[in-house]
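Novice: Here's the letter readout for the chains.
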Amino acid sequence: MPREIAELRFEALGTTCSLFAVGAGGGTLERARDWVLERHRRFTRFEDASELSRLNRGAGGWGEVSDELADLLRDSLHAYEVSGGLVHVGVIGCVIGAGYGRPFVEGPTTPRPTIPPPPLPEMLSLRPGQAYLAPGTGVDLGGIAKGWMADRLCAAMGGNLLANLGGDLFAAGTGPDGEGWPIDLAGTTVLLQDQGAATSSVRKRAWGAGLHHLIDPRTGRPAASDLAQVSVVAANAAEAEVSAKTALLLGSGQAREFLAARGLAWWMEAA
Amino acid sequence: MKAAPEWALKVGSVGLTMVTAVVAAVFVGGHVKNSSAPLQPKVVAVANGEIQPSPTPADGVHLTPSVRQGGAYQPVTSTYAS
Chain A
0 MPREIAELRF
10 EALGTTCSLF
20 AVGAGGGTLE
30 RARDWVLERH
40 RRFTRFEDAS
50 ELSRLNRGAG
60 GWGEVSDELA
70 DLLRDSLHAY
80 EVSGGLVHVG
90 VIGCVIGAGY
100 GRPFVEGPTT
110 PRPTIPPPPL
120 PEMLSLRPGQ
130 AYLAPGTGVD
140 LGGIAKGWMA
150 DRLCAAMGGN
160 LLANLGGDLF
170 AAGTGPDGEG
180 WPIDLAGTTV
190 LLQDQGAATS
200 SVRKRAWGAG
210 LHHLIDPRTG
220 RPAASDLAQV
230 SVVAANAAEA
240 EVSAKTALLL
250 GSGQAREFLA
260 ARGLAWWMEA
270 A
Chain B
0 MKAAPEWALK
10 VGSVGLTMVT
20 AVVAAVFVGG
30 HVKNSSAPLQ
40 PKVVAVANGE
50 IQPSPTPADG
60 VHLTPSVRQG
70 GAYQPVTSTY
80 AS
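Protein chains in written order, with numbering that gives the first Met the number 0: chain A, 0 to 270; chain B, 0 to 81.
Among the hints, erroneous ones may be present.
Which chain B residues face chain A? A few, computed with CB under 8 Å, are given here [said to hold, decoys possible]:
1) A7
2) G11
3) V13
4) L15
5) G59
6) L62
7) T63
8) Q68
9) G70
10) Y72
11) Q73
12) V75
13) S77
14) T78
15) Y79
A few chain A residues that don't get close to chain B, going by computed Cβ distances all over 10 Å [stated by the list, open to error]:
16) R2
17) L76
18) P127
19) A197
Hint data in this document are derived by calculation from the structure and do not stem from the laboratory.
Just so it is clear, the structure is predicted and the values come from calculations on it, not from any experiment.
Quick reminder that beta carbons are idealized off the backbone N, C-alpha and C, glycines included.
Excised from the complex, chain A in its bound form (with noise of 0.2 Å):
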């Protein structure tokens, strides 16, 4: 028999947030709001006095990052070594220029003109608790945070858990009937049990003919694929974050050699 879902919406991340637990006590879903919102406050780029602002203002130099922070860059080192270099947080100033200089809901800031960042590896390097940024450079978790947290979310409340944040989901447990949790994959529902998905766009955040959120590291302004979404379920929410946004980037002729090399789910919209 069906067991009861409980269920709670919220704005974080510049996106709605959902997140669904069966059999959680009393308070477990607010709880998990107010882990999102605390990190969502710490890693924003928008906000001068969260942590990763206070990174990029010390670019040039060496400075204290708490273990979550460290945890997250050294993911993006591992995301842009996986992606082949397509997954890129230091795509920051290329965002701005591309005119998504502020919150996306506050409307487009004028686009300029960028170059292509470096390797990430040449602009971003680690040591225990402390980070460095090269001179002028700057990273934005936003293309890679949202499945970190719904993995480490999941984690750290345990039990049977669902948490999406902006379509970037992990799915802990057995779901409500024990055979996972039923998800919309493209009309197509798929269950999931501690498994993520996550999907990239360039439908969603665009502000004008070609003109999106999602950076391609190579030429420095926005990718110019012939994929409009990909969707992937993968083991966790972040390597489904990763994948979906590189087989986005590498467009339809590598994207599909690339996800069944990983012997991944997916589904992909043409542009």
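Take the given structure of chain A and dock chain B to it, following the hints.
Specialist: Frame of chain A, contents of chain B only:
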């Protein structure tokens, strides 16, 4: 050092040949190729002397054994674009 007798070398070479043949037969038997299996990707046409792979549509969900379909269930959420 005393040289091995001629008969021992002959017996050894025959034995080694037989063991090799048996091992090869077991290996081949365990890796049978199906000559009628479809080519991957499927070949649908030969145009201008070049083999053309079948087109793969951009749309459509491609699942793996680790992802089960749950058509009987109502989805609780979607991995929509963020």
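Novice: Run every hint past the structure and note whether it holds.
Specialist: Hint-by-hint comparison with the structure:
1. A7: Violated, because the Cβ-Cβ distance from B:A7 to chain A comes to roughly 52 Å (cut-off 8 Å).
2. G11: Constraint on B:G11 not satisfied, violated at 47 Å.
3. V13: With Cβ-Cβ at 47 Å, over 8 Å, it is violated.
4. L15: violated, 41 Å
5. G59: holds, 7 Å
6. L62: Interface hint status for B:L62: holds (5 Å vs cutoff 8 Å).
7. T63: Since the shortest Cβ distance to chain A is 5 Å, the answer is holds.
8. Q68: holds, 6 Å
9. G70: holds, 6 Å
10. Y72: holds, 4 Å
11. Q73: holds, 6 Å
12. V75: Holds, about 6 Å.
13. S77: holds, 4 Å
14. T78: holds, 4 Å
15. Y79: Cβ of B:Y79 sits 5 Å from chain A, so the hint holds.
16. R2: holds, 12 Å
17. L76: holds, 22 Å
18. P127: The assertion about A:P127 holds, with a minimum of 32 Å to chain B.
19. A197: violated, 6 Å
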